[in-house]
Amino acid sequence: MNLSTLLIALEAIGVLAFALSGIIEAARKHFDLVGVVMIGFITAFGGGTLRDVLLDRRPFFWVEQEFWVWALIGIGFALPFFFKAQHIELTEKAMLIPDAVGLGAFAAGGTHIALQMDASPLIAVLMGVITAVVGGILRDVLVNEVPRAFHDHQPYAVIAFAGGWLVVLLSYVGTPESVDVLVAAVLMIVLRLLAVKFGWELKRWRFL
Amino acid sequence: MNLSTLLIALEAIGVLAFALSGIIEAARKHFDLVGVVMIGFITAFGGGTLRDVLLDRRPFFWVEQEFWVWALIGIGFALPFFFKAQHIELTEKAMLIPDAVGLGAFAAGGTHIALQMDASPLIAVLMGVITAVVGGILRDVLVNEVPRAFHDHQPYAVIAFAGGWLVVLLSYVGTPESVDVLVAAVLMIVLRLLAVKFGWELKRWRFL
Amino acid sequence: MNLSTLLIALEAIGVLAFALSGIIEAARKHFDLVGVVMIGFITAFGGGTLRDVLLDRRPFFWVEQEFWVWALIGIGFALPFFFKAQHIELTEKAMLIPDAVGLGAFAAGGTHIALQMDASPLIAVLMGVITAVVGGILRDVLVNEVPRAFHDHQPYAVIAFAGGWLVVLLSYVGTPESVDVLVAAVLMIVLRLLAVKFGWELKRWRFL
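Going down the list, the protein sequences come from chains A, B and C. 167 is the number that our numbering gives to position 167 of the first sequence; each next residue is one higher, with no gaps. 1084 is the number that our numbering gives to position 84 of the second sequence; each next residue is one higher, with no gaps. 2006 is the number that our numbering gives to position 6 of the third sequence; each next residue is one higher, with no gaps.
Bear in mind the hints are in silico, worked out from the structure with no lab data behind them. Certain hints may be false.
Facing chain B, a subset of chain A residues (Cβ under 8 Å, in silico) [what the hints assert, rightly or not]:
no., residue
1, Phe31
2, Leu33
3, Ile39
4, Arg57
5, Val63
6, Val69
7, Leu142
8, Val143
9, Asn144
10, Val146
11, Leu193
This one's a predicted model, so the numbers in the text were calculated from it and none came from an experiment. By construction, the Cβ of each residue, glycine as well, lies at the ideal position given by its N, Cα and C atoms.
Start from the sequences, fold in the hints, and give me the full structure.
If you want it as structure tokens, here you go:
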């Protein structure tokens, strides 16, 4: 599989997954249709946009591939009706699967993009983390909750951080870049889903 | 009327209107004077600044026209005393009129600026929406409320979106650009005020 | 003392002080270890990053001096254990001292950096204020509180504003630049600590 096709596919999966998580969250809060679409938008594009601003990378990926903007607008308006028609319940759990998929796709893709722009390994890994977590943080702040990434006590950003280093390490090995990115993305998604499934917890900070 | 004069006037009206809405909101929350001025500031300049960052447009409009910064500082300190002297009650309703004026002025102006910088129609419209809504979103997040734009169930962002398309459409017709922008701005302000007055509601997303 | 050494030292002090304030705040809210580190990070680097984006200054200071990123990651993980071992109580007061130090260091340094980039005096002062207050605002928004800078009714941003003007004024006098920055930074820190100690209050906006 061609590298640039893979990167575009990964980005598409990340955008759709995060948009879905934002739409579910906003629908759960009884936002109106426009609010649901806007939260979906910001969740999907927030992380990548901040990464592009920090790396001074223009045009933004959503300006370059305007198709995604149109797709999101359509999905945002169609989805609530689909959920209703299918009697799908919008529980907090429903959000966790697209969120995990977006985490892996964006962290691997973001790290790779930063490496290509000659960022140092640490900065590239941080850019991957930013791509992966900022959309979700904005989503949670905008619905007036403490961001899950900070206090759900389950590994989230730390998976993006570890997965970013995996992309960096694999880039030193002889494997094709598309394999590096794909392996890291899949591994992060699986890890996150396992963490949620089995309730792995990070050490909580407690007063004595 | 000269186009650049009109654009500056529109921007001035938008800045003052949003600053006023931020000042009223912060005063209602019993912030101190410095807090009131800062919220006014962020509400007034937040949307335009994000638009300029995204379009990579420097210097920012508030750097270019430093006068507005001084004006805002003055207004911010004078206004609370004026309200008090005049026994003007700072109800939530008092905020809706400057907010509507800012919406129209910024959405029309923002779309036009993006078109001038060769943005595609969709991106230009989105830049208009961003210019118009981001200041208010920041204002609401900073006073720790869910942004009105997302959940008051009344058309707000959607008016900016439709008005932006009107600017795009009129730009294809032979009318002078200043007329395009002015017509769209006035139309958006009127629509928003009517929506508030008559309680037009967007479809709310509800579980079965 | 050499100017660039002083500026780097000031920045280091500001970064560490704000990181500490973010870590204390997040630990008080019982965030997990990763959340504590991330809040420390954002508090430390948020203001300077926004300043650099607004001034179009690349590479960012944390990209240029990657050492600080590593240092913060280490401190973030070590500190909670240290507090626990030392039975140091994380009261709201514990946060006020590093916060004051960060305020002075960042406001003086930020104003000076903007002046060096040929910003006008007012814009340079605003950049100093942004450098000093944005990290703390992000910290408070992310733990879902109304930012202290806006409503604690004690002088905070106003000290950064006045201190910034002092840097500007001193830059017209014949003193060496390093003295300008150092004097302003120390004065701001002392003022803020006095304000907290003696409970100086800003005029609160009250309805009749």
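Violated hints - listed by number, lowest first: 4, 10 and 11
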